[in-house]
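Chains as they are written, first to last, in my numbering: chain F, 1 to 115; chain G, 1 to 113.
FYI, nobody ran anything at the bench for these hints, they're computed from the structure.
Quick caveat: nothing in here was measured; it's all calculated off a predicted structure.
C-beta: ideal position from N, C-alpha, C; glycine also.
Please note that a few of the clues may not be correct.
To be verified - Here are the simulated DMTMM-like cross-link-like pairs (lysine to aspartate or glutamate), alpha carbons at most 20 Å apart as the crow flies:
id : chain 1 : residue 1 : chain 2 : residue 2
1  : G       : Lys-63    : F       : Glu-103
2  : G       : Lys-3     : G       : Glu-52
3  : G       : Lys-100   : F       : Glu-54
4  : G       : Lys-71    : G       : Glu-5
5  : G       : Lys-100   : F       : Glu-82
What the hints assert, rightly or not - So these bits of chain F aren't anywhere near chain G, every CB distance computed over 10 Å:
id : residue
6  : Val-4
7  : Ser-24
8  : Gln-44
9  : Pro-61
10 : Leu-67
11 : Glu-103
12 : Thr-113
Next come the chains, spelled out residue by residue.
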Amino acid sequence: ETGVTQSPTHLIKTRGQQVTLRCSSQSGHNTVSWYQQALGQGPQFIFQYYREEENGRGNFPPRFSGLQFPNYSSELNVNALELDDSALYLCASSWTSGLSYNEQFFGPGTRLTVL
Amino acid sequence: SQKIEQNSEALNIQEGKTATLTCNYTNYSPAYLQWYRQDPGRGPVFLLLIRENEKEKRKERLKVTFDTTLKQSLFHITASQPADSATYLCALPNAGNNRKLIWGLGTSLAVNP
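Go ahead and model the full structure; you've got the sequences and the hints to work with.
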């Protein structure tokens, strides 16, 4: 069983730039959620993808967008980066079915710094 | 709106003692509640899930209770070890979309040898 992987591990960008973060889901999982976690805070839900469709979104502006691919891997894109976007970005995969309770399996995260 | 509160102050205990962490929630009745462990700079790791019709759940040295009247969950680590030192997060499904999890800020636990 392969765990959740994310790339890159660290990234430094400047204000106004665009960034793409990548995630490979755990084998057998069909759902990916993305979170933003600032220092000392809990994860904040950005959005979730299930079968390549967005399946819920948190309070993030449209410049945060995503994709899920047929192999269930996923991308998070952030346009027009702002200083406040500096955070740990976490990808979590899970299995969605009628009986599942949404246990999330997280990757190691991507640390994004915006200068 | 939904709120989750966890002990904001770090918890320091001696090795071998029982650590008890609290998660309180308001404004709705979740179908389940989850607990995760997070080490610095890493993603959270799922520990336990407890459903609304379960009062208590155990896994090795871990025990979780769920009091839907008090709107509170307690997370216990018995016979604590320095390796248990981490931040512990509770998470609940969002009332409007149960696929979206709402997270507490976490409680930092330090187990001293």
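Structure-based check of each hint:
no.	hint	verdict
1	G:Lys-63 with F:Glu-103	holds (17 Å)
2	G:Lys-3 with G:Glu-52	holds (17 Å)
3	G:Lys-100 with F:Glu-54	holds (12 Å)
4	G:Lys-71 with G:Glu-5	holds (11 Å)
5	G:Lys-100 with F:Glu-82	violated (25 Å)
6	Val-4	violated (8 Å)
7	Ser-24	holds (13 Å)
8	Gln-44	violated (8 Å)
9	Pro-61	holds (17 Å)
10	Leu-67	holds (18 Å)
11	Glu-103	violated (5 Å)
12	Thr-113	holds (13 Å)
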